[in-house]
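Protein sequences, first through last, are from chains A and B. Quick note on numbering: our numbering labels position 214 of the first sequence as 230, and the sequence is numbered without any gaps. Quick note on numbering: our numbering labels position 182 of the second sequence as 198, and the sequence is numbered without any gaps.
Hints are supplied without guarantee of correctness; some may be wrong.
Identical chains blur together in the list; that is why a pair holds if it fits in one copy or across any two.
Unchecked claim - With a straight-line cut-off of 35 Å between C-alpha atoms, the simulated DSBU-like cross-links for lysine-lysine are: (1) Lys293 / Lys86; (2) Lys83 / Lys248; (3) Lys339 / Lys83; (4) Lys239 / Lys327; (5) Lys37 / Lys93; (6) Lys43 / Lys83; (7) Lys339 / Lys185; (8) Lys93 / Lys246; (9) Lys326 / Lys185; (10) Lys368 / Lys37; (11) Lys248 / Lys170; (12) Lys150 / Lys368; (13) Lys339 / Lys93; (14) Lys378 / Lys239; (15) Lys178 / Lys43; (16) Lys86 / Lys299; (17) Lys239 / Lys293; (18) Lys150 / Lys248; (19) Lys83 / Lys397; (20) Lys185 / Lys395.
No lab work stands behind these hints: they were computed from the structure.
There are 2 protein chains.
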Amino acid sequence: MIVDNSLDELKKRENALTIIKHFIFNKNRNALFDLTGLSGGFIATDQEINLLETYIGPAVFEEEIQKYGKIHLCGEKILPVNRTSSGILATILALVEEDSNVIHFLPEFPAHPSIIRACNLVNANYFEFDNINKFHILENTSLIIITGSTMDHKILDENLFKEVISQAKNHNIPVFVDDASGARLRTTIFNQEKAFDLGADLVITSTDKLMNGPRGGLMTGTKDLIDMVKVKANQFGLEAQPPIILAMLNALKEYDGEDLINAFSKKEDFIKLLETKFTNFQKTPTGVMISVEGLYNEVKRNNTNISVSKKDLSFIYSMILLKNEGIITIPAVSMPGASATIRFDLSTNDGKKLDLEVLFNKIINSFNELLNVVDNEEKCKEIVFNN
Amino acid sequence: MIVDNSLDELKKRENALTIIKHFIFNKNRNALFDLTGLSGGFIATDQEINLLETYIGPAVFEEEIQKYGKIHLCGEKILPVNRTSSGILATILALVEEDSNVIHFLPEFPAHPSIIRACNLVNANYFEFDNINKFHILENTSLIIITGSTMDHKILDENLFKEVISQAKNHNIPVFVDDASGARLRTTIFNQEKAFDLGADLVITSTDKLMNGPRGGLMTGTKDLIDMVKVKANQFGLEAQPPIILAMLNALKEYDGEDLINAFSKKEDFIKLLETKFTNFQKTPTGVMISVEGLYNEVKRNNTNISVSKKDLSFIYSMILLKNEGIITIPAVSMPGASATIRFDLSTNDGKKLDLEVLFNKIINSFNELLNVVDNEEKCKEIVFNN
Chain A
17 MIVDNSLDEL KKRENALTII KHFIFNKNRN ALFDLTGLSG GFIATDQEIN LLETYIGPAV
77 FEEEIQKYGK IHLCGEKILP VNRTSSGILA TILALVEEDS NVIHFLPEFP AHPSIIRACN
137 LVNANYFEFD NINKFHILEN TSLIIITGST MDHKILDENL FKEVISQAKN HNIPVFVDDA
197 SGARLRTTIF NQEKAFDLGA DLVITSTDKL MNGPRGGLMT GTKDLIDMVK VKANQFGLEA
257 QPPIILAMLN ALKEYDGEDL INAFSKKEDF IKLLETKFTN FQKTPTGVMI SVEGLYNEVK
317 RNNTNISVSK KDLSFIYSMI LLKNEGIITI PAVSMPGASA TIRFDLSTND GKKLDLEVLF
377 NKIINSFNEL LNVVDNEEKC KEIVFNN
Chain B
17 MIVDNSLDEL KKRENALTII KHFIFNKNRN ALFDLTGLSG GFIATDQEIN LLETYIGPAV
77 FEEEIQKYGK IHLCGEKILP VNRTSSGILA TILALVEEDS NVIHFLPEFP AHPSIIRACN
137 LVNANYFEFD NINKFHILEN TSLIIITGST MDHKILDENL FKEVISQAKN HNIPVFVDDA
197 SGARLRTTIF NQEKAFDLGA DLVITSTDKL MNGPRGGLMT GTKDLIDMVK VKANQFGLEA
257 QPPIILAMLN ALKEYDGEDL INAFSKKEDF IKLLETKFTN FQKTPTGVMI SVEGLYNEVK
317 RNNTNISVSK KDLSFIYSMI LLKNEGIITI PAVSMPGASA TIRFDLSTND GKKLDLEVLF
377 NKIINSFNEL LNVVDNEEKC KEIVFNN
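Start from the sequences, fold in the hints, and give me the full structure.
Following this line, the structure appears as structure tokens:
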């Protein structure tokens, strides 16, 4: 085994880090393609950062995000928060009383744990449904939560969305939509209406999901409710800080639904392209991936003598992709214990810029290099640990 | 009255904003001096921002802040949080049980409201003392909080600090120090020991107070306790985001106690210099100020005919300081209802760069211009509303 324990994983990660720093500080950032899908965007000009640092800068960006936030989410007032989880906490602190009921409807279980935790914190009773036939509103319900799309990009049917909101309106209970990725996925890809337009009173989305913003949450809603949530956010330090707001603002300005549609269709084209050469790549919601087992089978298909472990193959391949082709994938840079599946996320900022043929060639070249070295353990060690 | 209502205040602020943008986008940022003392720092190179945007960037800065955070605060482990208030919330969520007691000792009342709010949230009983003779530890106490220095820079005597910690140790109760500005004020200016070295188990400081960091909180403590607080911070979205951590890191690297000592002695020199010409400037903890009444008396001393209100004088003077001399003070840029006292904070980044003679001349020149225009209401209006 080349990568045999946590210490080896850290050594591998350190090596990847050195290579990435070399790209950024000595070569060209444009030769580096972060396709992990887990990196936050931070778009800001030097002049914007200068303005940010003055007393007035934060206020300027807060005013501007009102405009661009409403274009993205509709609603009467925008509130940027530190994370989607902190927006959920602020909302529940503002609207949910002790011993009252919170009812959550979602496309499929499990629910995001932050909702349940915040309910526990205020001693509210939490109920969840993923079946409209079982869904019912209890007495003494203070808040109805709808999840627009899950982590795995399973989206809620628009008719179910409307049905839940209609029942909530009948009971005069505010509706809060957790539309983390849904605010883009539901509307841009699946042509659903924006959650506020469907009747939601409060909506939150994650600015790092399917758009090029920083990790953080952006809320909209009726002015009265947003004001109530904002008070709690400011009291407990849950609001987004000015540099994050600036980066959110620029990501909103840059956001173009066409890019997302392209990324989604790109994935379909790309898997076809990959299948001309490989048999073990699979689709993900926003790109493609090859598992540890898949990569092993792919190498085996080439009748190659393999003198390293299956998991090592993934680490070696991801390090070749990084060093030779500038492609960052998670196994190269991950902390100990992370999955060794190699994912290529095409909805990322770097992914959008990459021509599919170019990426395909990078993947083939790296794979050929992998075939060249897998019978040579020393050489593989060199690749994984020494930049 | 020139600035007669909220709408006028907003118009004034818009005008100031246009002037500031003009400095930044068309002139030279270095000709602008933000002396409000309320602006957050955001130091980051383009290459650091490039690295930040990759999957690995955040981890790099989180690792580096361990090193520089410990140099600043000591302790076993560092945790950067979104705000001092959110660090306080995370701590209380982690350590304080329902119905237990939290005891707060501080140099003088009132306590920062975030401590009391967080105690209420977890249904703990909150007690506070500013007199060591009355201070006593109740049964069933889960946490002792010490405030190292207040908003007004009143610091806690080191012997009292030690006494409270010693009593807490006797009862085996963890001690959490809110050292928002104290982590620098107490240690650098008053030669006290760092809170962790005095025996605190957890410490928090504000990275925008008396140092050039972004708004945010930096915590240290024993590894076990920080790990407990970190779990709560991550669960509820209370942690600092990577761009903020990067800016904290650079502010920590840049922090130099000498600068702070200089700023504090600069204030003494500066008030002497001002008193050669003026009689109504006063010292603040980190600079000087002139109140509305003070400015009026100062103008009156020059036997000038004044055709505007007392408060208008402050607005006009602050706008002249901004337009003619690039000095940003709060009355020029404030939202409706803010105080019209003009403060010059010398501990700010721009303040540190300013030579006292240069600043003195800027203040005199602007004051002379003020004397020139105060009998001409039309001209004053022009200054306040039209850049």
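(request) Evaluate Lys248 and Lys170 at a C-alpha cut-off of 35 Å and name the case that applies: within, between, both or neither. (result) both (31 Å within a copy, 28 Å between copies)
(request) Check Lys86 against Lys299 for me: Cα-Cα at most 35 Å, and say if that holds within a copy, between copies, both or neither. (result) Classified as within; 33 Å inside a copy, 45 Å across copies.
(request) Evaluate Lys178 and Lys43 at a C-alpha cut-off of 35 Å and name the case that applies: within, between, both or neither. (result) neither (52 Å within a copy, 53 Å between copies)
(message) I want to check one pair: Lys239 and Lys327. Are their C-alpha atoms no more than 35 Å apart within a copy, between two copies, both, or neither?
(response) between (52 Å within a copy, 33 Å between copies)
(message) As a check of your reading, is Lys339 near Lys83 (CA-CA no more than 35 Å) within one copy, between copies, both or neither?
(response) between (42 Å within a copy, 29 Å between copies)
(request) Could you place Lys339 and Lys93 in one of the four classes (within, between, both, neither) given a Cα distance threshold of 35 Å? (result) between (46 Å within a copy, 33 Å between copies)
(request) Give the relationship of Lys378 and Lys239 under a CA distance limit of 35 Å: within one copy only, between copies only, both, or neither. (result) Answer is neither: 50 Å inside a copy and 44 Å across each miss the 35 Å cutoff.
(message) Treating 35 Å as the Cα threshold, decide for Lys185 and Lys395: within, between, both or neither.
(response) For Lys185 and Lys395, neither the intra-copy (66 Å) nor the inter-copy (56 Å) Cα distance is at most 35 Å.
(message) Reference check for the pair Lys83 and Lys397, CA-CA at most 35 Å: within, between, both, or neither?
(response) between (53 Å within a copy, 30 Å between copies)
(request) Give the relationship of Lys83 and Lys248 under a CA distance limit of 35 Å: within one copy only, between copies only, both, or neither. (result) both (23 Å within a copy, 33 Å between copies)
(message) Please sort Lys150 with Lys368 into within, between, both or neither, judging by C-alpha distance up to 35 Å.
(response) neither (42 Å within a copy, 65 Å between copies)
(request) Please work out whether the CA atoms of Lys326 and Lys185 approach to 35 Å or closer within one copy, between two copies, in both situations, or in neither? (result) Answer is neither: 55 Å inside a copy and 53 Å across each miss the 35 Å cutoff.
Consistency with the previously given hints fails for numbers 1, 7, 9, 12, 14, 15, 17 and 20, ordered from lowest to highest.
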